[in-house]
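Going down the list, the protein sequences come from chains F and S.
If you count by this note's numbering, then the first sequence holds residues 140 to 803, one letter each, in order.
If you count by this note's numbering, then the second sequence holds residues 140 to 803, one letter each, in order.
Source of the hints: derived by calculation from the structure; they are not laboratory data.
Just so we're clear, the structure is a prediction, and the values are computed from it rather than from any experiment.
A few of these clues could be false.
No copy labels: a pair is met if it fits in one copy or bridges any two.
Computed list of lysine-lysine pairs in DSBU-like fashion (alpha-carbon distance at most 30 Å, straight line) [claimed, not checked]:
| # | residue 1 | residue 2 |
| --- | --- | --- |
| 1 | LYS325 | LYS313 |
| 2 | LYS499 | LYS510 |
| 3 | LYS678 | LYS763 |
| 4 | LYS192 | LYS669 |
| 5 | LYS763 | LYS684 |
| 6 | LYS192 | LYS231 |
| 7 | LYS649 | LYS499 |
| 8 | LYS396 | LYS313 |
| 9 | LYS494 | LYS160 |
| 10 | LYS669 | LYS709 |
| 11 | LYS763 | LYS689 |
| 12 | LYS313 | LYS763 |
| 13 | LYS494 | LYS669 |
| 14 | LYS376 | LYS325 |
| 15 | LYS160 | LYS499 |
| 16 | LYS160 | LYS689 |
| 17 | LYS499 | LYS396 |
| 18 | LYS499 | LYS192 |
| 19 | LYS494 | LYS231 |
| 20 | LYS396 | LYS383 |
| 21 | LYS494 | LYS678 |
| 22 | LYS669 | LYS649 |
| 23 | LYS325 | LYS499 |
There are 2 protein chains.
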Amino acid sequence: MSDRRDLANAIRFLTVDVVQKANSGHPGTAMGMADIAEVLWNDFLRHNPANPKWLNRDRFVQSNGHGSMLTYSLLHLSGYGLTVQDLKDHRKLHSKTPGHPEYGITAGVETTTGPLGQGFANAVGMALAERKLAQEFNREGFPVVDHFTYVFVGDGCLMEGVAQEAASLAGTLKLNKLIAVYDDNKISIDGETPGWFADDTPARFRALGWNVIADVDGHDFDAIAAAFTAARRSPDKPTMICCKTIIGYGSPNKQGKEEVHGAPLGVDEVTLTREHLGWPHEAFVVPDAIMQAWDARPRGEKAEAEWNALFAAYRAQHPALAAELERRTAGRLPEGFDTAVSAEVERILGGEPVKQPVRKASNRVLGNLLKGLPEVIGGSADVSLSTLAWTGEARSITPEDFSGNFVHYGVREFGMSAMMNGMAAHGGLIPYGACYLVFSDYSRNAVRLSALMGLKAVFLYTHDSIGVGEDGPTHQPCEQLVALRAIPTMSLWRPGSELEALVAWESAMKREGPSVIVAARQDGAVFAHKAGDLEGIRKGGYILKDAAGKPDVVLAATGSELGLVLEAAKVLEGEGRAVRVVSIPNGNLFARQDRAYQDSVLSFGTPAVFVEAASPLYWYQFLKGPGVVVGVDRFGESAPGPEIYRAMNLTAERVVSEAAQLLA
Amino acid sequence: MSDRRDLANAIRFLTVDVVQKANSGHPGTAMGMADIAEVLWNDFLRHNPANPKWLNRDRFVQSNGHGSMLTYSLLHLSGYGLTVQDLKDHRKLHSKTPGHPEYGITAGVETTTGPLGQGFANAVGMALAERKLAQEFNREGFPVVDHFTYVFVGDGCLMEGVAQEAASLAGTLKLNKLIAVYDDNKISIDGETPGWFADDTPARFRALGWNVIADVDGHDFDAIAAAFTAARRSPDKPTMICCKTIIGYGSPNKQGKEEVHGAPLGVDEVTLTREHLGWPHEAFVVPDAIMQAWDARPRGEKAEAEWNALFAAYRAQHPALAAELERRTAGRLPEGFDTAVSAEVERILGGEPVKQPVRKASNRVLGNLLKGLPEVIGGSADVSLSTLAWTGEARSITPEDFSGNFVHYGVREFGMSAMMNGMAAHGGLIPYGACYLVFSDYSRNAVRLSALMGLKAVFLYTHDSIGVGEDGPTHQPCEQLVALRAIPTMSLWRPGSELEALVAWESAMKREGPSVIVAARQDGAVFAHKAGDLEGIRKGGYILKDAAGKPDVVLAATGSELGLVLEAAKVLEGEGRAVRVVSIPNGNLFARQDRAYQDSVLSFGTPAVFVEAASPLYWYQFLKGPGVVVGVDRFGESAPGPEIYRAMNLTAERVVSEAAQLLA
């Protein structure tokens, strides 16, 4: 098998030389997994480098993303157009080969990895997406959606809790076309893992309902190939292939040690490694014969051509389905979407405003929109009914039937969120997932990665303040709103009415990037919208109720606190004050409007009181004159919600008094 | 066993009646686990209700904290002084029986639970603390630290990734005096769990190195007792007792169903349950005989008296050890601590300032302080050397030897943090734990709970900005600083010099509550401190370098950006401006100073530029006049750190230009 070893060594030396040149990076993983990757990519992976977005390609995720040179080498060798120069630019500004694989930067990278465990959970989401789309679109003789999802994981990934959450659900859902490869090299940054990671990993994954192929020698090509062959035949379980590998394989003095994990080998050791592995070629030179053996374009072109023929026949027989699949994977909303939104606007503006919690308003508009949005796949971390993520349109996905549109994720907020990212990156689906706002903490880094990748995913968080009441401070968010809004590019909605909730969902469906929709558990205020409010909501903030002339004071609020400022306004008006009430359902969006618009709403310089039952920190940026932020900067209490509002001095009287002080 | 059932039914009816009265709460868990709890508390738990802080008590944690009425009933029945009125006040403002068990509110509650999975991880930390203290303090014939840690977990806890992380480490560390009981009732909020939780839990825990006692009938008192007896004999593994239970046991129409999980049974069903279980007593009435059988005070007094005798003998033979154990468990710092700090101050002020990363400065001062702080137990989530959490004083804790002071937590940020909370709550130890700042996201809710409980724990986060460089945006924090500072009561330090790092560690050791210490990976600025700076640092913010007269402009920064404002100040001074440079290493602390002090530092109204390589949101609160915040509000890049600073326009030139604009 010397040719295979040569093919694998091409990965090793591209890696070693690039990391040496960058004088920074992680050579160990790529050197250790090169043989496995060679077998997977040359014998099994069905993809077409000429079209990285071919919808039926197998998905490949390297969850141990610090070893990114493995992925970059594979993309270079197999023909994705990643050049030697690109490799040489590893870890340089604006290169196509950043330190960790980044979705959207490099063709062929299916998801951003590096934060350990999450790539694995993304892959579970991708496998779920494949299964769902296959059930929805495949017809007798037309397996148009039919691909595997492969994911490489290291010790670090398997130690992270998020991987456990996703693995458990993958086993429960019997995602048999998910194939994970465990790079069992017994090394992590602190050294030899048995001191802190003594799991019997094969037994653990068997317990989670996985097909486990244990004790594979990760440097034995035949054994690796046999494992993949067996894995692909698993009838009803995801597969974990446990490969024993040597980190930094081939480096005579450093292999098997931590020092090869995250630093260049050093010039001398690189030379020794060349000698040891019999690789006489200069740095960055891969002989033509080896390049040719790696080139996946001819195979890929053939595979896609066959699929195109299949799809043409499918289109002939099932034209509507074919068109729908194309629409869905292109990420286009259905033609009727805007009409549906307009109908909802009319329904809401035409009806009487009712006293209801925003979570319920959100539930209604979402349910109505879902009638025309088959691509939306909802779910909840075990609180479907209290978050009201479960709409009238919801049908459960079960291990036996993926035709539904709702995933019961179990009590797994982080796993849910990372799986949602995987589904969104897969394409063809728009995921939303719900839990209580305070537990967004559990899944926060997945929300961040969603923003970093610009994925269309919706995180629905209810029970959004001290208004949660009796469950007490552990369940009452306070700092979560500012923390989520602070994520770069984020779009966070905290609607205070059904119309605002509608615009939140509309925006979430349209924007290229994730949205957070935050909804109160308790009843909101009852007020009627003007027709013009719609436009203002779409800008993130607007005048809900204006004074006749120039306002003496501006009262601004979000969500459940709108009622409070409306009440305060009434009192102040009774005292002869000209009061403007502003609603800012999406501060992120409002902050992106030009200053003139912001000024037209907030009348900068006019005394202002901002009110939100949360950490006040977010709102100071909008104070350009005398003003105060009335918020919650301590932990909550266990008591009925209205009592806590009083205990926290978050009342209309307080707002009146703060305004009066500003005007004194 | 009708008496035992009667004893258990006392829990059931206290729960049912209290939840009915509160018209809110979770009866199902307490009803389902009452029999198990009865056996544990009456036959095994070694505690003294008259002294809830007895240091050698067994620890009991209810990780499924929503079922808090189980804990409250136990505390009431066994004699902790929790009255019937306290129970009736369940979920009322300022009661001793809040919705979820809260540390510090109710005597006998060992940790705050509710956020699922974390109570379990806390218990792992407590068991680790016990093992460590036992090895440190016990002597031949004197097992003065010798207790079990019991923890109840539900399906939700076991689905959460944090439990996996802690369980894996507990198995690796062979914490055989940890005994968990799994309430396997096959119900979670969404309904019957097999649809989303199909793990073979016994096999999973065996794979994690646990002693598993499977298939215990959770309503068979003998079987439960046999399981606890066996568990306590486990020589080298933590034990998981898997009890099959019926949620809401005893409610004829609702038991075994989700509807009994989180809502009152209803008046009629309560009556039927009374009939069904043969409990003729009125609401809140527990017959004297049953109260007496539950009363743990006589047993507890005896147990503690025996231990006191043991400790007296220990003190006679090992007076220094006895005094040290008392000091440690009382949470008093050693007498020499202030002297050690002063010596460090002198060393630093007496030496030449050197160019170094703050992580290194932190490492040096920590190492020096640790020489006199045997109670400090450090650790890291697999990045001991890159965070420099590993000091010259560090010795690894291993499964065979707990005499060290450093835990290799593996790649388990959340598990680490929750275990630290458990250790801090146990007493006798002050934990610190390290990871990269961006991955504080993974563990955020544990940091929050640490603040909510007011525990003395230190979260050390390095690699604190875009300065991380080549690893790219997944590893470059941006929004994490404001997110952590926003946690109520938090004390977050971002030192920019060795002296500031020293004060951060000093403060962290002294304050009753958690601290976050954030340290840059890259080199910081080189500047000399004035003697007076010390006092200012201890206030969180101070004038680092003042203008001769009234300043034209104030430049304020933290940590690694101090160099940048010092450089900008020089340029502006060259242009004839009077410049004040302010360092705010702890904005939380600075914000708690009175306005006069803040004004004396920031000279409110004077044009100000705040600079921090992070989300600008935190700093607007301090802008009381013309000013600007120069920060980072987009994701980072993969490139050498200094290049990213330039790419993000975070430079001295930018600061000069912003100042010039303000002064124009």
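What hint numbers does the structure not satisfy? As far as the earlier hints go, 4, 12, 16 and 18 are violated by this structure, in ascending order.
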